[in-house]
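Quick note, the sequences are listed as chains X and B, same order. For the first sequence, the numbering used here gives the first residue as 35, with consecutive numbering after it. For the second sequence, the numbering used here gives the first residue as 115, with consecutive numbering after it.
Read the hints as simulated data drawn from the structure, not as lab findings. Since the structure is predicted, the reported quantities are computational estimates derived from the model, not experimental observations. Fair warning: there could be bad hints in the mix.
[To be verified] In silico EDC-like links for lysine to aspartate or glutamate, alpha-carbon gap of 16 Å or less:
| # | chain 1 | residue 1 | chain 2 | residue 2 |
| --- | --- | --- | --- | --- |
| 1 | B | K148 | B | E233 |
| 2 | B | K187 | B | D161 |
| 3 | B | K252 | B | D270 |
| 4 | X | K243 | X | D231 |
| 5 | B | K125 | X | E233 |
| 6 | X | K242 | B | D161 |
| 7 | X | K184 | X | E143 |
| 8 | X | K148 | X | D202 |
| 9 | B | K125 | X | D231 |
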Amino acid sequence: MKTDFLGKTLSSPLVLASGVLGNNAAILERVHANGCGLPTMKSIGPAPRNGHHNPTVIDLGQGMINAVGLPTPGYLNMDREWAELENRQFPVNASIYGGSVAEFVQVAEFVAQKGPDYIELNISCPNSDQHGMIFGINPASSHAVVAAVKKVIGTIPLIAKLTPAAPDIGAIAAACEDGGADAICAINTAGPGMVIDIEAQMPVLAFKKGGLSGPMIKPVAVRCVYEIYQAVKIPIIGLGGITRGEDAVEILMAGASLVGMGTAVRYRGISVFNQVSKELDNWLTDHNTSLEKIIGAAHHPAMEGPHEHRS
Amino acid sequence: MNTDLKPVMLKVAEKQVHSASFSSLFFEFPMDFKPGQFVMAWIPGLDEKPYTISFHTPTRFAITVEAKGRFSKQAVAMAPGDLMGFRGPFGNGFNVHPSSHIAVVAGGCGMAPLAPLVETLEAQENRNLVLIHGARTKDFLLYPDRFATARKTCTDDGSQGHKGFVTALLEDEIRQRADWGSPGLDMVYACGPEIMMHAVFQICEAHDIPCQVSLERYMRCGFGVCGACVCGSQVVCKDGPVFGSASLRTMGDFNTTALLKSGQPVALSDYFSWRCQ
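Chain X extracted, bound-state conformation:
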C-alpha cells in the first residue's frame, strides 16, 4: 500500500514509533522489510546518556509503562550507524532531543548532514526531568524549538512529536506549524503513571513514574489526533495503542495520514506491520473506499459548535 508523504513515497502508511527497536541500521531494515513504510531511529541526544536502571519497561497487559530514560550514544558517537545507513534502500526518520533550544539545534544541524529522510523533534518524552516534554507543553517553547531547528536542516521535512500531557494539544500543534513544522506526530506516551508493587511496597520502575503506551491509551491518541486535525493543515502521523487494522482506520478517521506503532510489537511481533497493513487494506476493500478518503472522515460539521444541551 504505497503512500506519499512530504514528497517521498513510502512502501506503506505505517511508521515505527521512536524508542522501539531502532537501535541499529540492521533492525531498522528488518522492520522496513516487515511492512513498515517509515522506521524511526531511537531518539538521538546531545551527549552520551545511559538511561535509567531497570526495571525500565513493564507490560501491564493492556499496554506498557516505561521509563527507559532517553539512552543515547550521543550524536557524535554514531559513526557506525550513519555508515551503515548511508547506502540504505529504505527511508529513515531521525528522532532527536535536547535539553535546550541550543542543544536541539546542535544535534539537528549535525544529524541533517547525515541525510535522514525526515527529522522528528522529540519534545514530548516524560522520562527525563531535563529533556523533551518541557518543550511540548507550552506553545511558545514548541514554536521556539521548531523554528530554530527548521533553520539548520535545509530541506529535510521536520516532524514535531507531541505529548498528550499538553493542556491544549491543538494549540501546541498550531504553534509547531507556525514555527515551520512539516508534520505532527502524536502521541508520545501518556501520563506519566506509576505502578506500585504491594509486596515490595515500592514503585516497580526505577524512575518510579513512566509513560503509558499501547491499547489502554488509544482513546487519548484518537482524541489528540482529532483535535490536532482541526488545528493544523499539515499532515499528522497518528499513533498510540494502534495494534490492528481497525485501530488504524479509527486514527485515520480522526485525521492521521500515517499510522505509527510501537507497543504493538510486544503483542504481535515485528510482523505486526505486515499484519496491520493487510487488515487495513482488507477493511478499505470491504468498505469500497481508500486510505485518502477516510483521512479525517470522522469530522462532521454538524457535530461542531456548541455541544451543551439547550433548555
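Take the given structure of chain X and dock chain B to it, following the hints.
Here is chain B on its own, set in the frame of chain X:
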C-alpha cells in the same frame, strides 16, 4: 497466571552455595519454562537483570548467580524469606532437536542455562550425550555432581581435567568418532564466553554439524520492544537468546560487537569489561 507482566514477588525458599563465587537461589513456584529461557530478576530498589533458569521442576525453580557486580553481590547475600521479583520466562530456549549424537559444551557459568537441557536430554531415550565443561579453575566448574552423564572437563590452570580450552575437547571428540568410524555428532549446544561459543560454532561449521548457542546482551524489556539487546538484525531477548547455525552465519555482530547501556556499539571486549564492573 501471567508471569510475563509486572514482577511476581517470590520468597527465597533455599540458597545453595556452590563455591565462593556461585550460589543458587530456589523459589517455590510453578514457572512455565523450557531450557534456555530466562527471567528478569528484580531486587526492589536496586536493579533488574536477566538470569537463566538453572534448575527447574514443576513446582520449583532456581537461578544461579556469580557474585561479580552490584546486583549479583546483593543477590548472593540474600537469605531464605527475602523477596525477589520475576518477569518471564522470556526468549526462545533451546530447540530440543530429534538428534541422537549430541555434545553439550559449557564454559564456566555457561553451564547454568545448559543444565536443565542436559537433564531434559538425559530423560529421553536413544540419546548419546557428550558433556564438555571448561572453566578458569576447578572451583568454577558448576554443579560437579549433578548429572548422570560423565563430564569431560578442562581448566585454564590444569586444576581439573585437561589443561586448556573446551574447543580442544570438542575437536578430540569429533576426531575420535571419525577415527573409530562411530556416528558423528548431529547437534552441539554451547554456552559460555562469546569467544568460546564463536570458536565452537566455527568448529561445527568446519565439520558440518548444526549448533545452537545462547547469547548475552544488555537487556531492558525482555520481550523484544526496546531494542537494547539487538545483535545485527536479531533481537536477543525475543528472537534468542538461543541462535542456531543459520542465524549465526548472518549475524555480523556475533563475537564482534555489542551495545552499551547508552546504545553505543562497541567491541565485545569493551562491552564485557563494562558488564563485569
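Results of checking the hints against the structure:
The hinted pair formed by B:K148 and B:E233 meets the criterion: a straight-line CA distance of about 12 Å does not exceed 16 Å. For the suggested pair B:K187 and B:D161, the alpha carbons sit about 12 Å apart, so the restraint of at most 16 Å is met. A C-alpha spacing of about 9 Å is found between B:K252 and B:D270, which places the hinted pair at or below 16 Å, so the restraint holds. A threshold of 16 Å between alpha carbons decides the hint, and for X:K243 with X:D231 the separation of about 13 Å falls inside it, so the pair holds.
Distance check on the hinted pair: B:K125 and X:E233 sit about 10 Å apart at the alpha-carbon level, within 16 Å; holds. Only pairs whose Cα atoms come within 16 Å are accepted, and X:K242 paired with B:D161 is accepted, the gap being roughly 12 Å. Taking the CA atoms of X:K184 and X:E143, the gap is near 9 Å; set against the 16 Å cutoff, the hint holds. Distance restraint check for X:K148 and X:D202: the Cα-Cα separation of roughly 34 Å exceeds the 16 Å cut-off, and the hinted pair is therefore not satisfied.
Annotation: proposed proximity of B:K125 to X:D231 holds, straight-line Cα distance about 14 Å (limit 16 Å).
Checked against the numbered hints given earlier, the structure breaks only hint 8 and satisfies all the rest.
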